[in-house]
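These protein sequence lines are chains C and V, in that order. Numbering (this note's numbering) for the first sequence: 1218 to 1487. Numbering (this note's numbering) for the second sequence: 156 to 495.
If you're looking for bench data, these hints aren't it; they were derived computationally from the structure. No residue lacks a Cβ here, since even glycine has one placed at the ideal position from N, Cα and C. The reader is advised that the hints may include incorrect statements.
Claimed, not checked - One side only, chain V facing chain C, incomplete, derived with CB under 8 Å: (1) S220; (2) T221; (3) L222; (4) D226; (5) A227; (6) K242; (7) R246; (8) L250; (9) G252; (10) Y254; (11) S256; (12) D258; (13) L260; (14) I270; (15) L274; (16) D469.
To be verified - Ranges of calculated distance between the beta carbons of each label pair, as one might list FRET restraints: (17) C:R1484 x V:A227: 17 to 25 Å; (18) C:A1352 x V:R338: 47 to 55 Å; (19) V:G307 x C:V1474: 39 to 47 Å; (20) C:S1433 x V:T229: 31 to 39 Å.
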Amino acid sequence: MTTATLAPARAEDSRIGLSGTLRHVGALTRRNLMRIKADPESMFDAVLMPVIFTVLFVYVFGGAMAGDQDTYKQYLVPGLLGQTGLTLAMAVGTGLNSDFQTGVMDRFRTLPIGRASVLLSKIAAETLRGLLSFAILIGFAMCIGFEVKTGPLEVLATIGLALVFGMSIVWISMLLGMALRSAQAVQGVAMLVLMPMQFGSSIFAPTQTMPGWLQSFTKVNPLSALADASRALLNGQGAVAHPVMIVLIWSAAVTAVFAPLAVARFRKRT
Amino acid sequence: MTRIATAPNDRGAAVGNAVEVRGIVKHYGTTKALDGVDLTVKEGTVLGVLGPNGAGKTTLVRVLSTLIKPDAGTAVVGGYDVLRQPKQLRRTIGLTGQYASVDELLSGYENLYLIGRLLDLPRREARARATELLERFSLTEAAKRTAKTYSGGMRRRLDLAASMIGRPRVLYLDEPTTGLDPRTRNEVWDEVQRMVAEGTTVLLTTQYMEEAEQLANELTVIDRGKVIANGLVSDLKAKVGGQTLQVRPARPADLPEMARCLRENGVSTATYSADTGLLAVPITGEEQLTAVIGVLGGRGFAIAGIDTKVPSLDEVFLAITGKPVADAEPVPSLAKEPVA
Ligand SMILES: Nc1ncnc2c1ncn2[C@@H]1O[C@H](COP(=O)(O)OP(=O)(O)O)[C@@H](O)[C@H]1O
Ligand SMILES: [Mg+2]
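Let the hints inform the model, and build the full structure from the sequences given.
In structure tokens, the structure reads:
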């Protein structure tokens, strides 16, 4: 028996390079978008939820909460825009979880691609989905009489801020996605966290009328700052800099804590 | 470990080793999934890795595909080390895992196109390659449907096609036909044989002797993470007997007595099952077949039927180790050499 070993056929080095990574992320993003197309119900949370919330709150509670529906529209819609980034961030974990469960991740891991590509493509696809839901929400809100009192720059800034905050939540979402057994469990836990975060914030109602213990929560809830910042940006009323700062600090802090944990866990599993 | 035969180099010239595994260990807690495995696959050949459920086959394939890191040992595939050169190694291999790893929400075509792009094929080439492989695996008609709607056999074929996109030099197939109906199984076998004819080196795991016989040149038998035998399939067959004689007595109550008689006459490998009412004897040669029939006939057992079949994994294990799979406890005193 001979011990001669097959000589390597290609002497290329093992680095993938920027153009390679971009190509891989592009191909995987396309895949993620096609998955959404094949399973349109998965658009439900990102696109329909904000619309349903708008209708429900504006017409059911709007008159009672703000005196009239027009005032309440101007109050609610910016807050909902901010929160969209959070919803899409949670979808990253669900998607990651199902890739690990189905063996698709194993297939990717036997291919000569960087492990970050899978993750970056998830974020890219969710960002695109987020942009679509921003457009739908703003378009729908304008149809029912919402007005952007400032300009397109402020709209972009609002969306940008929501995305920045969403990106920090992606790390938490990733951790959940890798720690829990099923995509349903990830969704369940995400709901459990999101619900009190959303309602215990200034998104739906001003916090002044809430009891003291709740106010101490809503005051530190970053979603309140996000909603306040969005309202200030789109309605042109109130201080912009302060809530924006708070959102940015929160985003940085969440990223600093959870990104290393999520990346470590991801590296261990891939 | 039983060395069945030293593998002769039938090509005369030096043949490279596509896969070299030395002393690979992988433990999960107290489970020794791999406990010092050595094996070699020569370039252009098919190695069958035969073993029961839980033997460590999938763990081995995962180590060789860089999906998990071994605790100890070395493995070199296509000249690349699994631990030190994983990226280059991944360009050399294709894997069809035990469980299908296609994206259910994508169409067959999109699944293949995606992998082509991830393997750095230009768009046009990725499209052409996807179309070509769909055609080859008889999936053209289903190309645009999501894989969710595919049958088990179609998914397997798509999975095989996916592992062929990059024209791998070494292909791993982890139980490629487990759970498939006979017709689909034959289709998969045909495909594997075609790839081999085109020069692909294949490492195939299986629980079926029949499959190993169909596809493999050499065989490595593993159990509980250890290699218990290896050699040419033809040599193992000569030892195990290419076929098993199945005798159905008219009175099932005769089974134990029949087995005892055969043992007394030097045929120690006979097994029987009260459930099926069959006595099974691996046949190693013409004389043995004659002897078995002679013994049974001479003792006047009433025989209702006689048939031959390819030996099962159990029978292979019995022939190699002298003990069946189920009670293959590591008790050295029981592990006697079989009487050939
Ligand atoms: N991730 C894991 N964690 C714990 N035990 C494992 C893991 N993977 C495999 N095992 C154990 O290792 C042994 C070998 O498993 P496997 O390689 O899947 O066997 P096979 O593919 O031959 O059926 C089994 O006892 C199995 O339970
Ligand atoms: Mg297995």
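Okay, the hints, checked on the actual structure:
no.	hint	verdict
1	S220	holds, 5 Å
2	T221	holds, 7 Å
3	L222	holds, 6 Å
4	D226	violated, 15 Å
5	A227	violated, 19 Å
6	K242	holds, 4 Å
7	R246	holds, 5 Å
8	L250	holds, 5 Å
9	G252	holds, 6 Å
10	Y254	holds, 5 Å
11	S256	holds, 4 Å
12	D258	holds, 5 Å
13	L260	holds, 4 Å
14	I270	holds, 7 Å
15	L274	holds, 6 Å
16	D469	violated, 30 Å
17	C:R1484 x V:A227: 17 to 25 Å	holds, 22 Å
18	C:A1352 x V:R338: 47 to 55 Å	holds, 51 Å
19	V:G307 x C:V1474: 39 to 47 Å	holds, 45 Å
20	C:S1433 x V:T229: 31 to 39 Å	violated, 60 Å
When each numbered hint is compared with the structure, violations occur for hints 4, 5, 16, 20.
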